[in-house]
Amino acid sequence: MSKKPKPAVAKPCYFAEARSYAKVVEAEIAFFDGLIQAKNNIPNIPSLQKSLKDAANFLQDHRGRTLNILVEFTVTDPRSGETHTMMLGTLLKPPQTKSHAQVTHFLCLADADHLLTKVHADFDFHPEADEKKPSPHVQLGGRMFDSIVEKLKNKGLKICWNDTVDKPRMPSLPISTALLWHWAFLEYQDSEQISGFLKNWHWKQLVKKAEQAVFLPFFRDGVQLIEGDPDKGFLNALYVPVPK
Amino acid sequence: MKILYWIDDTHDKGKPPNAAAQKRLEKGLNVQLRVEAINEREQFGKLLSTLDGTKTCGVIMDYQLTKVGENGQMAFGTTWAAEIRAAHPTVPVIGISHERENDIPKLRLESFLAFFPREQLMGPTPPIQDILALLSGYSIVCKILKKQDGKPSVDLMVDLAMPPKHIADLFRAAIPSVLREKWDAETPHVVGRWLWHELQGLPGFLFDELGLATYLGLNGNGLKRVCSQFDGARYCGAFASNQRPRWWVGSIRGIFESIIGQQIAGPISHARLELLKALNVKNGEYQALLSRPHGRKNSEVIPDCVAYGEDEREEDYRVQALFEDTVVDDRDANAAFGFEARRIIATKKVK
Numbered sequence: 001m002s003k004k005p006k007p008a009v010a011k012p013c014y015f016a017e018a019r020s021y022a023k024v025v026e027a028e029i030a031f032f033d034g035l036i037q038a039k040n041n042i043p044n045i046p047s048l049q050k051s052l053k054d055a056a057n058f059l060q061d062h063r064g065r066t067l068n069i070l071v072e073f074t075v076t077d078p079r080s081g082e083t084h085t086m087m088l089g090t091l092l093k094p095p096q097t098k099s100h101a102q103v104t105h106f107l108c109l110a111d112a113d114h115l116l117t118k119v120h121a122d123f124d125f126h127p128e129a130d131e132k133k134p135s136p137h138v139q140l141g142g143r144m145f146d147s148i149v150e151k152l153k154n155k156g157l158k159i160c161w162n163d164t165v166d167k168p169r170m171p172s173l174p175i176s177t178a179l180l181w182h183w184a185f186l187e188y189q190d191s192e193q194i195s196g197f198l199k200n201w202h203w204k205q206l207v208k209k210a211e212q213a214v215f216l217p218f219f220r221d222g223v224q225l226i227e228g229d230p231d232k233g234f235l236n237a238l239y240v241p242v243p244k
Numbered sequence: 001m002k003i004l005y006w007i008d009d010t011h012d013k014g015k016p017p018n019a020a021a022q023k024r025l026e027k028g029l030n031v032q033l034r035v036e037a038i039n040e041r042e043q044f045g046k047l048l049s050t051l052d053g054t055k056t057c058g059v060i061m062d063y064q065l066t067k068v069g070e071n072g073q074m075a076f077g078t079t080w081a082a083e084i085r086a087a088h089p090t091v092p093v094i095g096i097s098h099e100r101e102n103d104i105p106k107l108r109l110e111s112f113l114a115f116f117p118r119e120q121l122m123g124p125t126p127p128i129q130d131i132l133a134l135l136s137g138y139s140i141v142c143k144i145l146k147k148q149d150g151k152p153s154v155d156l157m158v159d160l161a162m163p164p165k166h167i168a169d170l171f172r173a174a175i176p177s178v179l180r181e182k183w184d185a186e187t188p189h190v191v192g193r194w195l196w197h198e199l200q201g202l203p204g205f206l207f208d209e210l211g212l213a214t215y216l217g218l219n220g221n222g223l224k225r226v227c228s229q230f231d232g233a234r235y236c237g238a239f240a241s242n243q244r245p246r247w248w249v250g251s252i253r254g255i256f257e258s259i260i261g262q263q264i265a266g267p268i269s270h271a272r273l274e275l276l277k278a279l280n281v282k283n284g285e286y287q288a289l290l291s292r293p294h295g296r297k298n299s300e301v302i303p304d305c306v307a308y309g310e311d312e313r314e315e316d317y318r319v320q321a322l323f324e325d326t327v328v329d330d331r332d333a334n335a336a337f338g339f340e341a342r343r344i345i346a347t348k349k350v351k
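Protein chains in written order, with the numbering used here: chain L, 1 to 244; chain E, 1 to 351.
No wet-lab data here; the hints were simulated from the structure.
Hints should not be assumed to be uniformly reliable.
[As the list claims (entries may be wrong)] In silico lysine-lysine, DSS-like type, Cα no more than 27 Å apart, as pairs:
1) L:Lys-98 to E:Lys-297
2) E:Lys-106 to L:Lys-93
3) L:Lys-199 to L:Lys-232
4) E:Lys-151 to L:Lys-209
5) E:Lys-182 to L:Lys-39
6) E:Lys-277 to L:Lys-98
7) L:Lys-39 to E:Lys-297
8) L:Lys-204 to L:Lys-39
9) L:Lys-158 to L:Lys-39
10) L:Lys-50 to E:Lys-277
11) L:Lys-39 to E:Lys-277
12) E:Lys-224 to E:Lys-151
13) E:Lys-106 to L:Lys-50
14) L:Lys-39 to L:Lys-155
15) E:Lys-165 to L:Lys-208
16) L:Lys-23 to E:Lys-165
[Stated by the list, open to error] What follows is a list of derived Cβ distance ranges for each label pair:
17) E:Cys-236 to L:Pro-43: 53 to 63 Å
18) L:Glu-150 to E:Glu-198: 38 to 48 Å
19) L:Lys-209 to E:Val-154: 21 to 31 Å
20) L:Leu-216 to E:Gln-229: 35 to 45 Å
21) L:Lys-23 to E:Gly-123: 32 to 42 Å
Being a predicted model, the structure only gives us computed values, none of them experimental.
Each residue gets a CB set at the ideal place from its N, CA and C atoms; glycine is no exception.
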C-alpha cells in the first residue's frame with residue numbers, strides 16, 4: 001500500500017522567514033493608490049488630504065522613501081458620550097544601510113489633556129534581533145511615535161501609560177493601513193466623521209481589496225501550516241527571528 | 001517664417017534688442033523678430049488689430065511699459081498681455097523685465113506664459129531652447145485643443161505630459177481641477193503655465209539637474225558623467241527644453257538598478273559607488289564626483305535633499321543638504337497634490 005503523500009507546504013508569506021517588507025508594503029501601495037484615485041469621492045478630512053499628499057510622494061519611490069502619516073478624526077465614545085481625538089498612524093520605512101525595515105500602524109486616543117491609550121501593530125523584519133517577537137503583533141501602550149510627538153508637542157498632553165514597557169506583544173492578524181482604519185471606523189460607527197466612510201462605496205472597495213491582499217494569504221498560509229506542518233506550531237511560526 | 005513680436009516702450013533707447021541681439025534671437029528661434037516700440041496706448045490698439053494669429057508664433061513683452069498708459073502713466077504689460085490673449089488666444093505672451101522675478105507680484109507674473117530677465121534675452125547667450133520649448137509647447141496645446149474630439153481633459157493632459165505608464169494614475173490625480181473642466185480658448189495659457197512652472201518647476205514628479213544629482217548621490221560633475229544613462233527617464237512632453245532638462249522621479253530607480261545589475265534596498269544614493277563602478281569611472285575620480293552635505297565639513301553622510309541656501313528662493317542658491325538640516329519653506333507648506341514642499345536651510349541647525 002502506497003503511503004499518502006504529505007501535502008506540499010507552500011512558502012507562507014506572512015510567517016517567519018518568508019515575511020518581507022516588499023510583500024507587506026505591496027498591499028499598502030495598492031491601498032494608497034486606490035485612495036488617491038478615490039480622493040474626490042470619499043469624505044474630506046483635512047489631515048487625510050495632507051496624508052494623501054505624503055502618500056503620493058512616497059509612491060514615486062516607495063522602495064527608497066519613508067512614509068510617516070497621521071490622520072485625525074473626531075470621535076464620540078458610544079458609552080460615555082465623550083469626544084475624543086482618534087489618531088491613526090502609519091510608518092513604512094524601507095531597509096537602509098544602518099537600519100532595518102519598519103512597518104508600524106497605530107491608533108491613539110486623546111482628550112483635551114491626555115493621551116489616553118495607544119495600540120500599535122508591528123511587523124518585524126530584524127533578522128538578528130536579540131529578542132524574539134511575534135510578527136505581526138499588537139501592543140498596548142509602548143513607545144511613543146515621532147508623528148504623535150510632533151503633532152502634540154505644544155499641547156503638553158500627559159501620557160497615560162508607561163511608555164518604556166514593550167511587553168506583552170500579542171500575535172495578531174496582519175494589519176495594513178486600510179484594515180486599521182476600517183477597524184477603527186467600526187469602533188466608532190456612529191461618529192459623524194466616520195459614518196460617511198462606512199457607507200461609502202469607494203471605501204468599501206478599498207477595504208475589500210485590502211482584506212483580499214492581507215487576510216487571504218495569512219489565513220491560507222495559516223491553514224496550510226497547521227495542516228501541513230502541525231509540529232511546527234502556528235504560534236511558534238509567528239515568532240521571529242527564526243533560529244538559523 | 002513666423003513672426004515673433006517684441007513689444008517695448010520708447011522710454012529708453014537701449015531697451016529694445018540691438019541688431020546683434022535681434023540677429024541672435026532670429027537665428028536661434030528661426031523667426032522674424034519684429035520690434036514694436038510703443039509710445040502711446042493707441043499704437044498698441046492698432047498693433048493688436050493688425051496682429052495675425054496665424055502668422056505670429058508669440059509675443060515678448062516688457063512687464064512695465066513706461067509713459068504709455070493713460071495720461072502718460074506707467075502701463076503694465078500684464079494688462080496688455082491679457083488683451084493679446086483675449087484677441088489672439090493662439091499667441092503665447094512671454095514677459096521680460098529688468099526687475100527680479102521674485103520682486104514681481106505673482107498675480108502679474110501669471111499673465112505671462114513665462115518670464116525672463118531682459119538682460120538674459122538680450123545677452124550673448126539667450127535661452128533659445130527654453131523659448132523654443134515655450135513657443136512650440138503652446139502651439140501643440142492649441143492644436144490639441146482644436147482636435148479634442150470629446151476626449152476627457154485629463155487624458156489630453158496625459159497626452160501632453162507623457163508620464164511613464166506606472167505613474168500615469170498618480171499624474172492624473174495631480175491635475176488641477178481647472179484643467180479637468182472642458183477646455184476653452186484660455187486653456188492653452190493655463191496648461192502651459194502648469195506644465196512649465198508646476199510640473200517642471202516644482203519638485204514632485206520630476207527632478208531637475210540638482211535634484212537628480214542628489215538622488216543619485218552625486219554632485220553636478222558626477223551627474224554630467226552619468227546623466228546620459230538616464231535618458232530613458234527624461235521628460236519629453238510638451239514644453240520640454242534641453243536647457244532645462246527634467247527626469248521622471250518614478251523611472252530613475254529602475255534604470256539605476258539595471259545599470260548596477262541588482263536591486264537596492266532604501267535610497268539608491270547609497271549605491272552611488274556601484275553606479276560609478278558600473279559605468280567604468282576610475283576609482284581615483286570617485287571622490288570628486290560624490291555629493292557632500294551643505295554646511296558639514298568632511299562629512300561622509302550622503303545628502304538626501306535639495307534646499308535653498310537662504311530665504312530668497314533664488315535658483316543659484318540651492319544646495320545639496322541633509323534633510324535634518326533643512327525645514328519646509330513656509331510658502332510651500334500646502335504644496336499641491338503630487339508635489340513636494342521645497343526646503344530651505346535651517347541655518348541654526350547646521351552643524
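Quick rundown of the hints versus the structure:
1. The hinted pair formed by L:Lys-98 and E:Lys-297 meets the criterion: a straight-line CA distance of about 22 Å does not exceed 27 Å.
2. Between E:Lys-106 and L:Lys-93 the alpha-carbon distance is near 38 Å, which puts this suggested pair outside the 27 Å criterion.
3. Among the hinted pairs, L:Lys-199 with L:Lys-232 is inconsistent with the structure: their alpha-carbon atoms are about 42 Å apart, more than 27 Å.
4. Between E:Lys-151 and L:Lys-209, the direct Cα distance comes to roughly 30 Å. Violation of the 27 Å bound is thereby established for this hinted pair.
5. Using a Cα cut-off of 27 Å, the hinted pair E:Lys-182 and L:Lys-39 holds, with the two alpha carbons roughly 21 Å apart.
6. Only pairs whose Cα atoms come within 27 Å are accepted, and E:Lys-277 paired with L:Lys-98 is accepted, the gap being roughly 22 Å.
7. For the hint linking L:Lys-39 to E:Lys-297, the alpha-carbon distance of about 45 Å lies beyond 27 Å, and the restraint is violated.
8. Of the supplied pair hints, the one linking L:Lys-204 and L:Lys-39 holds, its CA atoms being roughly 14 Å apart against a limit of 27 Å.
9. Taking the CA atoms of L:Lys-158 and L:Lys-39, the gap is about 34 Å. The hint is violated against a cut of 27 Å.
10. Between the alpha carbons of L:Lys-50 and E:Lys-277 the distance comes to roughly 40 Å, so the proposed pair goes past 27 Å and is violated.
11. The hinted pair formed by L:Lys-39 and E:Lys-277 fails the criterion: a straight-line CA distance of about 44 Å is larger than 27 Å.
12. Annotation: proposed proximity of E:Lys-224 to E:Lys-151 is violated, straight-line Cα distance about 40 Å (limit 27 Å).
13. For the hint linking E:Lys-106 to L:Lys-50, the alpha-carbon distance of about 25 Å falls within 27 Å, and the restraint holds.
14. For a cut-off of 27 Å, the pair hint linking L:Lys-39 to L:Lys-155 is broken: about 30 Å separates their Cα positions.
15. Among the hinted pairs, E:Lys-165 with L:Lys-208 is consistent with the structure: their alpha-carbon atoms are about 25 Å apart, no more than 27 Å.
16. Between L:Lys-23 and E:Lys-165, the direct Cα distance comes to roughly 22 Å. Compliance with the 27 Å bound is thereby established for this hinted pair.
17. Take E:Cys-236 and L:Pro-43: their Cβ atoms lie about 39 Å apart, and the range 53 to 63 Å is violated.
18. The beta-carbon spacing between L:Glu-150 and E:Glu-198, approximately 28 Å, falls outside the hinted interval of 38 to 48 Å.
19. Between L:Lys-209 and E:Val-154 the beta carbons are some 23 Å apart, a value that agrees with the proposed interval 21 to 31 Å.
20. Taken as a hint, the range 35 to 45 Å holds for the pair L:Leu-216 and E:Gln-229, whose Cβ atoms sit roughly 41 Å apart.
21. Take L:Lys-23 and E:Gly-123: their Cβ atoms lie about 56 Å apart, and the range 32 to 42 Å is violated.
Of the numbered hints given earlier, the model fails hints 2, 3, 4, 7, 9, 10, 11, 12, 14, 17, 18, 21; all others are met.
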